[in-house]
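S.K.: Heads up: the sequence lines are chains A, B, C and D, in that order. Residue numbers for the first sequence follow numbering that gives the first Met the number 0, so the first one is 0 and each next one is one higher. Residue numbers for the second sequence follow numbering that gives the first Met the number 0, so the first one is 0 and each next one is one higher. Residue numbers for the third sequence follow numbering that gives the first Met the number 0, so the first one is 0 and each next one is one higher. Residue numbers for the fourth sequence follow numbering that gives the first Met the number 0, so the first one is 0 and each next one is one higher.
Hints listed in this document are in silico derivations from the structure and should not be mistaken for laboratory results. Careful, some of the hints might be misleading.
Derived list of chain D stretches under chain B, where covered just means 3 residues or more per stretch with a C-beta under 8 Å from a C-beta of chain B [unchecked claim]:
no.: 1; segment: 8–17
no.: 2; segment: 56–69
no.: 3; segment: 73–79
The beta-carbon is built from N, C-alpha and C at its ideal position, and this holds for glycine as well.
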Amino acid sequence: MGVQQNLKFDALVLGGGIAGLEAALNLAEQDFSVAVVEKDASIGGKMIRLSKVFPTLDCSSCITTPKMAAAAHHPKVTLLTYCELQSLERRGDELVALITQKPRYVDLEKCIGCRQCEYQCPVLVPDAEQGGLAARKAIYIPFSNAIPQKALIDPENCILCGRCEKVCPTQAVDFFQKVEDFTLTAATAVIATGFEMMPLEDKVQYGQGQIPDVITALQMERLLAPHGPYNRVLRPYDGKEPDSVAFIQCAGSRDQSMGVPYCSRVCCMYAIKQAMLLSGSLPLADLTVYYLDIRAFGKGYEQFFQNAQAMGVNFVKGKVAYVEPGEGGAVRLRYESQEAEGGVQVVEHDLVVLSLGLLPGWTPGASCALSTGADNFIKTVKPKLAPALTELSGVFVAGAASGPKDIVDSIVEAGAAAMEACRYLAARGFKAAG
Amino acid sequence: MAKKKKKTEPAPEAKVGVYVCHCGGNISDAVEVDQVCQHARRVPGVVVARDNMFLCSDPCQEMIIEDLKSGLVDRVVVASCSPSLHEATFRRALARAGANPYVYEHANLREQVSWVHHGAAATEKASRLVAAAAAKARLLRPLESIRVEVQRQAVVIGGGVAGLKAALELGERGLAVVLVEKSPFLGGQVAQLQRLAPFGETAAEVISELTGAVLKHPAITVHTCAEVEDFAGYIGNFKIKVVRQSPAGAVYADRLARLSRSGRGLGEYVPFVGVMPAAIPEGREEFDLEAGAIVLATGFRPYQPRAGEYGYRDFPEVVTLPELIRQLAAAEGAGDTLVLNGRLIRQAALIHCVGSRQIPGVHAENEGGYLNEYCSRTCCSATLYAANQIREQYPKTRIFDFYRDIRTYGRGQEELYTEAARNGTLFFRFEAGEEPQVSRNPHRTSNPLLVKVRDVLTFGEELEVPVDLVVLAVGQEPNDIAHLVENLKIPVGADRFLQEVHPKLRPVEVSVAGILLAGTCQAPFDVGETCAAAGAAAVKAAAILTRGYVELDPFVAEVDLSRCVGTGACVEACLAEGALALVNLEVEGQMVRRAQVNPALCLGCGACVAVCPENAINVQGWTLKQYEAMVDMIVSDEYLEERAEG
Amino acid sequence: MALVNPNFAAELEAFGVDTALECFNCGTCAAICPLLYEHFPRKLIRYVQVGAEKKIMENAQDLWRCLHCGLCTRTCPRQANPGELILGLRRYVVARWRRP
Amino acid sequence: MEAEKYAGKILILATETCAYPGADAVGQGHQSYPANTYLLRVKDPVLFPEKFYLDCFAKGVAGIIIMSCGVESPYPGSYEALARRIDRVYPLMKAKGLDIRRLRLTAICTVCTRAFVNEVRQMHDLVSELGPPGRE
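Bound-form chain A, shown alone (with noise of 0.2 Å):
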């Protein structure tokens, strides 16, 4: 990437997630140029990661495919992948992003996505795209359905043995390359900094990532998905088809022990989603759902919970207070049964998914004079008329940047940022082609 002291472009998105480029699309739609500048290595952020998605099943990469692909071929979208948002601030009519260009190591103009190098490295690190459960090589595209489909090096790991330089037939391997800075002007911005997954290590009751049949959400996720490590449903431990699958809800949500009072939103429909699907691929497995409400509220989701009822997945209600090691890679759990014989269960299960909670995925801090809510999602200032207004003129919030969100709501959201974002520009006398 050649050096990019200034650029210039209508609007700026934060973040090529889901809610990302539907907002980059939709102001592109009315012929404004827009910049999407994403963290990660590719764009398409935590939904291409998931197997299938609620109510309809589908299949997330073929809905998020084509979006990602639609905003890396659309004429007025320019997509800067591996950038770090250094500081966002205004500046009269302008809005101006510092933006660091983290190194690939890889020259992205010249790499052809031909894997040669990833064949021919000799290190193996856990991939955290497949949960931690798959290896990948030092030097590696993300993941299959990547944009851009170019390689990357990961520093920490890689030994400096060349053999990626060599093998490279268009010497795009550049371990030269720098941190490189440059600065964005906008006159207006979306931000769409998504979530990140609560980690499994603060969770002391949950056994902090300890016990090997204990997984996240999204690590199910990828055992999920047809592209995952496995390619079926084993658990870590050993390798075994599990018998039994049980799934803790609000594993860290709507606690105030852990810190984290509110709902996650999202829990209660994927893990019964996703206990959905393991009927699906494990025919005879006991599926167990323990909740302490099931939080069904959008269009087609509540007959989706009542569907899962009828395919027999197991609803308990209440929280599991206490996760240990039982026999042979099991798992034991500790729950109250609130039926009148019930009382405090010790139950062993195969498999245990924690539904963990949703954390913000970028807090602004002192980058930038957003603030937060108690929640440390971005605070929004109009909740109900204007749910993408932000504190900040001509910065707007979409998706799970305001607050855990599902799919559906944050293309919504992502759409209602984008024509405020129109109307801003419109108003300041940018003009859309056409």
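Here the structure of chain A is known, so what remains is to put chains B, C and D in place on it, guided by the hints.
M.R.: Below, chains B, C and D without anything else, positioned relative to chain A:
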């Protein structure tokens, strides 16, 4: 465009590329994809057949583009999911390759094969469908899309929050907007509320801000007491006949009385009325509107409990949540105990999920045979908000909350639940089918009603609560817009809300291009979600309107002048006024009568095709010859016989 | 069929039982309690909520099994302080014992 | 399907605005139905002349289900024209010794999943009972 002489025979040079998708197992789990490719390679005209895990991914689109660019193929068949999802994706890929986007055919191997069939039968069917698609592709010719000038005006139907917000967004974007509202008022259902959960904004401020901006906006025209009577046209050029007249009957009598009691004037907000922007018309007025895009914002109505449902109508002490909100606004503020209509409310029960989350076999259907199986999304927060309001203002009024699941999912909502617990609201949880029973109180307490419940939280014990008031948290139902649905020919879901094309790919669009959904006509939403949906609908409308033109599919009738003999049968059969006519033309030096198509008016239905004795007229991209070729492939076994070739 | 008594919780405030209504009955306290004893302590907290005075007296012996380990208080998602509620209930039971 | 039973090919002409998405909805619900069914997407079946149906039977198609939008057709008047045409096809079928139940005109909407499966099952049972076209 229709005058050039075109070939109707298969282009002998047609080189069809077939691309079969695994859809990450969605297809390949049921269909032997490599076998389908093998079969496809034996279909005449097919020069290459490839498969891939995700054809829709960027690298795979690149692969197709590469095959086109290198000249290997000049017709493309993609066999993947439903064309409704990806036909456009691949057409765009063809365009990126510099090819004509219409030399493309799609075979649906997911929704119509792998998800419904298994085993060898699935693979055989897939192969036949792919072969049929290839046979059609061989006969495809490049087409030019039709460019239609767009009326740079949007019509918004519905003057509630969704309609007002959508109108305002488009007006601010510099586009002309006409808002049509059936009632004399703006503000919709939100005007029937007081404060909005969870943050407590008032309905008054929300609606006043919207109506204030809308009514003074130079680009926005508002018609109240106005209904859509008739509708015609297509994206970019809709024609809408509106009738404006005094509303029939006494539906708005209560609100009009309230308005006149309030002493407020036109354009001013009146609680539980909304804003009346203009006087009610005396006579009947009809006018036509033109629109490039239409935003539907027809909203919802609260579920009306049946007589006897939780004692509703049987006992005057049973009210719905909207009724309570209205009564609370009029409540006397004296003392620590709530007084409604002169009655002291010491204990009140709130019951959730009334008219929502109904389960077939468990709950009774309504007169229309419907069950509201969906969750109404907003009632939990609204109910808890009301509970907190009462507890704060009238601390001696006890609140008992009966729920199935508390669904305080959104920002600031879980806090409402916590706050309710802190202020002493007592919760009971019941299972579906074991709804609380409301009856006259037989005990010697002075509370008139008794609520009985088998409480899950108390280990399934039966509990009784004597109360002075029962509040039913009723859900949302779509407004009755049968006339509009029929006129616009838009789909309605099983839940009776308007149905979007796809909840994620095209969440605010319906199957009729140019018509968009905003707010609760689509599904239950709260005010913030409604405004977001209105913004999303507005951005799609703006994309249609700002350019001043849209491009339409070229699938219209075309006359083959080498075959047309001017019988006029097609003109007689034509269903679209003005789309087909017989004209005098000079063909090879002779003046003759020949059929001619007006492509902007042609609907592309093909009524003309069936009646032409010469097969001289066809719908471009959907010709009779192409269908015949597809049937030939479906019945043929030639390409399936692998043993013959070893 | 038990009649709910919403005034009971307020009566208990005098004994330091003032957070019982904050409990949302998730069952964490019962499941984390090392006594592994039926529904304890949520059972007693729920009885406070619905005002089942008699049930509390009937189950009073449970209160003295508590070891004050504090696990329930530490893990309560609503921070309703179940450990403290148990102590308060002890005070109440002591005060009420054989005094109608 | 049992191997020995005749499962002649059934052609389904499905309108792109109604029955085709209806068939997709059947797929989304994973409701299975006989696989001897070949669904062609059509803008409107009013496009096909009488001869098309007779030709299909001559080619060996055992049954045809026209899944139209019914009176909700986006092309006003097309359903009526279609119904009149099908009425003309029936005597032609009889003349060729074809059981007229092999051709059925129905209306299937985007969410008519049960109706879709029923129609397909009925036609499937009929053609396995009747055997190949022309041999009834």
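S.K.: Looking back at the hints listed earlier, which ones does the structure fail to meet?
M.R.: none
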